[in-house]
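Novice: Here's the letter readout for the chains.
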Amino acid sequence: MPINEVKPATGGFSFDNYARNTMLNDKGFKAPGVIKTGTTICGCLWKGGLVLGADTRATEGPIVADKNCEKIHYLAPNMYCCGAGTAADCDATTGLISSKLELHRLHTGRQSRVVTAMTMLEQMLFKYQGHIGCALVLGGVDINGPQLYTIAPHGSTDKLPYVTMGSGSLAAMAIFESRWKKDMELEDAMELVKDAISAGIFNDLGSGSNVDLCVITKDGVDYRRGYDRPNERVQKERSYKLKPGASTVLTSSFRKYVEVLDGDAMDTS
Amino acid sequence: MEPATRTQNPVVTGTSVLGIKYKDGIMLAADTLASYGSLARFRDVERLIKVGNTTIIGASGDISDFQYITHLLEKILIKESNTEDGHQLYARHIHEYLGRLMYGRRSKHNPLWNSMVVGGIRDGEGGTFLGFVDLQGTTYEAPTIATGYGAYIAQPILRKAVEGREDTLTEEEAEKVLEDCMRVLFYRDARSINKIQIAKVNASGISISDPRFLDTEWAFAEGIRGYGATD
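From first to last, the protein sequence lines are chains S and H. Numbering-wise (our numbering), the first sequence opens with residue 1 and increments by one. Numbering-wise (our numbering), the second sequence opens with residue 1001 and increments by one.
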């Protein structure tokens, strides 16, 4: 390839439309708002593996956009990732890394390692300098045992025995700090994660609805969608279904809306 | 012409104050730190005070403003005592006074930069009182109150432990839950220390404990090495 055709590798976002977008904003055209997940997500290690937890509320400013969204994303058969921040970014980023991991597994012939997913995620988020709004709690079990990481939007990582992220993270962390112990039993760990997410659901306005849980051990994954449902809608007091005949029919016309052909009956055998 | 504003920035500050109702009365907790920005400047400050024989107040925010409020409270206690009409100021009245004081100052764009927890004997007819007043003049009553970071970190724990059980929570349980919350705050609030005071108001009167230390656990991540990268 001639030397003057070689271009340096580009990465990250293209800001070519920035001038145009600013001009449109000034002229009164507002871009649609970002859907954020508000969110309480958390994870903790127990004797036999780890438990991930998340609430199910997605917000668009002060509005609840989705009352029951899924924030625990599949990455690999032995790894799941909770996502807080911009919903689209979390979905797209975890989806991309999940694909990359599957290709990697086909290439290596081995089970994916948690640090591999973590490295892929952190390097991508750093490349985009925080513009991709994902705050992730990554948990999985591999040849090196159960591992739990947080990955922040700018690409920094922490490896810890218990972590929380999202607007409800302080409420959830308060529960963890008062009750987490090393080598807990499964029931205690599930109860602890459920209580931590519940603290976020009831004390943080950006979180709400149900608790989703995901237990990961070396033997597999137990994904519990709707593990706790403390906010179910009460039964409506009356049925609002209209009885047939509630609306009086004044005239009805059929023939003028269809093409009437005289001919043989349709063969329906 | 622009209205005159003297809205300040707090200088020497105290962090969270917690308050709960329990079976026998009211309990407040606070640490004994007065920070100078990120410097732990004064490590033995008493942020919980007694007002008369009926009320205790804890303050977070600017310490000089709190010292001024303390002075004003002393003055109204003396004034009330001088009227010699058989009445005394109870928690509800102190709370009302502070609410008016704080709102008046905010309306002049010159706030006293504090968030306070007021607790004690409700009024001459008895009962308990637990309320909140802040630099904007916002006031409310609740079975659990927390200022500063306590609102985000301690309040979920307090609500779970206390709400619905204010009449059955024992003194030991109340002290334990406040201690647990102060410990979590020490772990997670970067402007706190592990030296705390607990004040209570019950039938036998007011008692504010001497400052005492909190035990903490730091070996939680002993087995972990690095942060996931190349170690």
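Calculated from the structure, these hints are not laboratory results. Treat each hint with caution, since some may be false.
If you only want the chain H side, here are some residues facing chain S, beta carbon under 10 Å, derived [to be verified]:
id, residue
1, Y1097
2, G1099
3, Y1103
4, P1156
5, R1183
6, G1223
7, I1224
8, Y1227
Just so it is clear, CB atoms sit at the ideal spot from N, CA and C, and this is done for glycine as well.
Novice: None of the hints should be skipped; say for each whether it holds.
Specialist: Now the hints, each set against the structure:
1. Here the hint on Y1097(H) is broken, as its CB sits about 30 Å from the closest CB of chain S, past 10 Å.
2. Because the beta carbon of G1099(H) sits about 25 Å from the nearest beta carbon in chain S, more than 10 Å, this interface hint is broken.
3. Given the 10 Å rule on beta carbons, the hint for Y1103(H) is violated: about 25 Å separates it from the nearest Cβ of chain S.
4. The restraint placing P1156(H) at the interface with chain S holds, with a minimum CB-CB distance near 4 Å, inside the 10 Å limit.
5. Hint on R1183(H) holds. Least Cβ distance to chain S is approximately 8 Å, under the 10 Å limit.
6. Taken as an interface hint, G1223(H) checks out: its beta carbon lies about 8 Å from the nearest beta carbon of chain S, inside 10 Å.
7. Interface restraint check for I1224(H): the shortest CB-CB distance to chain S comes to about 5 Å, inside 10 Å, so the restraint holds.
8. Annotation: interface hint on Y1227(H) holds; nearest CB of chain S at approximately 5 Å, less than 10 Å.
Going through the hint list in order, the structure does not satisfy hints 1, 2 and 3.
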